[in-house]
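**Student:** Spelled out from the first residue to the last, the chains are:
There are 2 protein chains.
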Amino acid sequence: MSVSARAGIVVTGTEVLTGRIQDRNGPWIADRLLELGVDLAHITICRDRPADIEAQLRFLADQRVDLIVTTGGLGPTADDMTVEVVARFFGRELILDVELEDRIAAILKSLMRRNPVFDLGNFDSIRAANRKQAMIPAGSQVIDPVGTAPGLVVAGTPVVMVLPGPPRELQPMWHKAIQTSAAQEAIAGRTTYRQETIRMFGLPESGLAETLRAAEQAIPGFDALEITTCLRRGEIEMVTRYEPDAAEVYTQLTRQLRDRHGRQVFSEDGSRVDDLVAQLLGGRRIATAESCTAGMLAARLTDRPGSSDYMAGGVVAYSNEAKAHLLGVDEALIETHGAVSEPVADAMAAGALRRFDADTAVAITGIAGPGGGTADKPVGTVCFTVLLSGNAPASQSLRLPGNRSDIRERSTTVAMHLLRRALSDSPA
Amino acid sequence: MSVSARAGIVVTGTEVLTGRIQDRNGPWIADRLLELGVDLAHITICRDRPADIEAQLRFLADQRVDLIVTTGGLGPTADDMTVEVVARFFGRELILDVELEDRIAAILKSLMRRNPVFDLGNFDSIRAANRKQAMIPAGSQVIDPVGTAPGLVVAGTPVVMVLPGPPRELQPMWHKAIQTSAAQEAIAGRTTYRQETIRMFGLPESGLAETLRAAEQAIPGFDALEITTCLRRGEIEMVTRYEPDAAEVYTQLTRQLRDRHGRQVFSEDGSRVDDLVAQLLGGRRIATAESCTAGMLAARLTDRPGSSDYMAGGVVAYSNEAKAHLLGVDEALIETHGAVSEPVADAMAAGALRRFDADTAVAITGIAGPGGGTADKPVGTVCFTVLLSGNAPASQSLRLPGNRSDIRERSTTVAMHLLRRALSDSPA
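Those sequence lines, one after another, are chains L and S. The opening residue of the first sequence carries number 1 in our numbering; numbering runs sequentially from there. The opening residue of the second sequence carries number 1 in our numbering; numbering runs sequentially from there.
The set of hints was computed from the structure by calculation and includes no laboratory data. Note that the coordinates shown come from a computational prediction; the quantities given were computed from them, not determined experimentally. Just so you know, not all the hints are guaranteed correct.
[To be verified] Only pairs whose alpha carbons sit at most 25 angstroms apart, straight line, appear in this in silico DMTMM-like list of lysine to aspartate or glutamate:
(1) Lys-109(L) x Glu-210(S)
(2) Lys-132(L) x Asp-309(S)
(3) Lys-132(L) x Glu-205(S)
(4) Lys-377(S) x Asp-309(L)
(5) Lys-109(S) x Glu-409(L)
(6) Lys-109(S) x Asp-376(L)
(7) Lys-377(L) x Asp-303(S)
[To be verified] Examples of chain L residues toward chain S, derived with CB under 10 angstroms:
(8) Val-11
(9) Arg-20
(10) Ile-21
(11) Asp-23
(12) Leu-36
(13) Gly-37
(14) Gln-63
(15) Leu-231
(16) Val-239
(17) Gly-314
(18) Ala-322
(19) Ser-405
(20) Asp-406
Quick reminder that beta carbons are idealized off the backbone N, C-alpha and C, glycines included.
Excised from the complex, chain L in its bound form (with noise of 0.2 angstroms):
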């Protein structure tokens, strides 16, 4: 694949590096780059530690990106160094920029006319502290503060964008400095890709593997794709990165993963199975009845707005007497089947559909565990039923893998998929 413009992403931050904070910065950066087709090639983070800083500096020039874009370390503390980092990187020498001091001031003034916690007695001592701020590098162009922190693009090889932490800070910032002058030159060399998603579901990741082996041998020009992998709660996520020219290959495969695993294949366009079930919901009204996964489907299928159209309502039924008295299952059943068992998934599902008086349900009972296998029915056993009103119940039982949580989480990701399946077979 053609790649004529590569970038690096620089990440400091103490926190960030110790995992208390979830790096938001660097995934959406790649997103920003992707759009553009450049190519992202690392992501590094470290401390807030100059040496190390500088390494990852080098480390990326000397992997010949275009671009380096560095986030945090931009305050006025003595801690936030990134900025006399990337001057001594370049051999470049600090100046006071006065009139940006004076942008940073007034900035600072209104904030703390308007945050009582700052004492506005030393305004002086915190406008010192942030003439730290008003310090660039010789010959680098200004990116106007969201928050208190300027931004820089300094033109060099590679050329080197730096930017504050705060993601509100960052990101419209972030489209300031893409369109300087000399963040454009840095990825003049971009190539326009296309970017396509397929989503399976029930395939095991080797089987999608042994099709993608055949199809390199099948295909001629198979190299033109760029394609990822990706399992994710019995979910294979399959993205595939190409040039404009090598449309009619990915058609190829497509075709070919159609004729393989047409039954595993729900999604060719990215659109998610709570897309699906949302779309597939639409004049319908549901209602659930969970045992191990205790609210989290109902939750699921109230994430997006809008949900309030079908959603009547569920029934969390964790133990046995809220089965009887909330979804009225017959307490025989439960003894004579056991509480995880097709027959009380479904009568759950009937009593669901009955006193949410839905028209669609989706009951679910299994052993989460760690306790309460058994032999017959170990730990990961779970039942499921879908219920469409004037339709025979569509029962299942599987074994999932993994802890307790994976198990729950795993259930809610079947439950969806067994739902698509029914009201996709049904007549709306």
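Dock chain S against the given chain L, drawing on the hints supplied.
**Tutor:** Leaving out everything else, chain S in the frame of chain L:
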């Protein structure tokens, strides 16, 4: 702080680099290294692209880390190449571990037997695909797979630990890998630290910042403490790391925190509100009634093993009909005060207590948005009631910030804290 064992983490995976999947392994391993007193210098992320992975390994070796941990790229698909690259990095050849191949085959067989949703089609081709996973660099130590991918510890300078991407596989395998002689030698120089976590709720981060500034002035030897604070869902987590001889300094800090923020500090031993609530619920029976959170609180209360001892169940009363029919909320009450009001929250809690024959109930009703807000009840308005049988209901209305999912998430956390306070104030 004297540190004599350094580590780096290489996270591979296009889906992680491009932000389609959030990396959970880097932060998790960072925590483990922190506990061990190993200094984590760099986390680097790249695609499953051999040249990039090898460049990152060389970079970390040049930075003289003692241990490199790689995550991901161990799957059967052709785009998983970490082991191959690690072998090249050390200049060693890949050898088929026949006995390991059989173990992987056995795992696959049982996986497929357990999953009717998986099409059982040609097992041999699948086994062939997985042969790749049994190819290991000469002289490396195998860590048994939790999924299908084995891990490796490769002795050398630095020592390289190769672990799979899925957290539920990586985490147990880490604990074995770190015990290997090679890994132990790599981290032999580590310093032992203490790490303490204090959690606060209902305190603005700037308030804590003030207190820390004051403590820095007042407490001698304060900079022996490495403090990182993190605001999450209305809770502040403060993690302090120090060498044993600074224990007295830390004690003084905790004293000042208690003096200033006694009511907000709810945990000094790292335990979470979920742990405290679980303890306080011992011997009780709890039921939930949820509208906008739609089961998220019930799901959270049942996160942990053994929760069936106290969890009776819950109702997701998303529609007004459900509030009336399943929880017996008087429809006149809804008409008079609106579905999002303290009287309705009280009635929902009372209904849940009655329906599930419980002694403890929590109700949540609110406007998660983006629609449904009004002038006097804007999006983010959420009403909570905690009801302990024999006590008057404790109700509270809040206006929570953020988008739909922030508001739902934050609401469950607020409910957990209201529950904690109610249960701690009342005699068991």
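**Student:** Close enough to count: is the Cβ of Val-11(L) nearer than 10 angstroms to one in chain S?
**Tutor:** holds (8 angstroms)
**Student:** Any CB of chain S closer than 10 angstroms to the CB of Ala-322(L)?
**Tutor:** Holds: closest Cβ of chain S sits about 4 angstroms from Ala-322(L), inside 10 angstroms.
**Student:** Using the nearest Cβ pair, does Arg-20(L) come within less than 10 angstroms of chain S?
**Tutor:** Hint on Arg-20(L): holds, closest Cβ of chain S at ~4 angstroms, below 10 angstroms.
**Student:** Against chain S, run the beta carbon of Gly-37(L) and see if the smallest gap drops under 10 angstroms.
**Tutor:** violated (13 angstroms)
**Student:** Checking hints one by one. Is Gln-63(L) an interface residue toward chain S, by the C-beta closer than 10 angstroms rule?
**Tutor:** Gln-63(L) check passes; min Cβ-Cβ to chain S is 6 angstroms, inside 10 angstroms.
**Student:** Go through the hint on Val-239(L) and say holds or violated, using the shortest Cβ distance to chain S against 10 angstroms.
**Tutor:** holds (7 angstroms)
**Student:** Closer than 10 angstroms between Cβ atoms is the bar; does Ser-405(L) clear it against chain S? Give me holds or violated.
**Tutor:** Holds: closest Cβ of chain S sits about 7 angstroms from Ser-405(L), inside 10 angstroms.
**Student:** Do the alpha carbons of Lys-109(S) and Glu-409(L) lie within 25 angstroms of each other, as the hint requires?
**Tutor:** holds (23 angstroms)
**Student:** Under the criterion that the straight-line Cα-Cα distance not exceed 25 angstroms, is the pair Lys-377(S), Asp-309(L) satisfied?
**Tutor:** holds (21 angstroms)
**Student:** Would you settle whether the hint for Asp-406(L) is holds or violated, based on the nearest Cβ-Cβ distance to chain S being less than 10 angstroms?
**Tutor:** holds (6 angstroms)
**Student:** Does the CB of Leu-36(L) sit less than 10 angstroms away from some CB of chain S?
**Tutor:** violated (13 angstroms)
**Student:** Quick one, are Lys-132(L) and Asp-309(S) close enough, alpha carbons at most 25 angstroms?
**Tutor:** Roughly 58 angstroms separates the two Cα atoms, so the pair is violated.
Of the hints listed earlier, those the structure fails to meet are numbers 2, 12, 13, in rising order.
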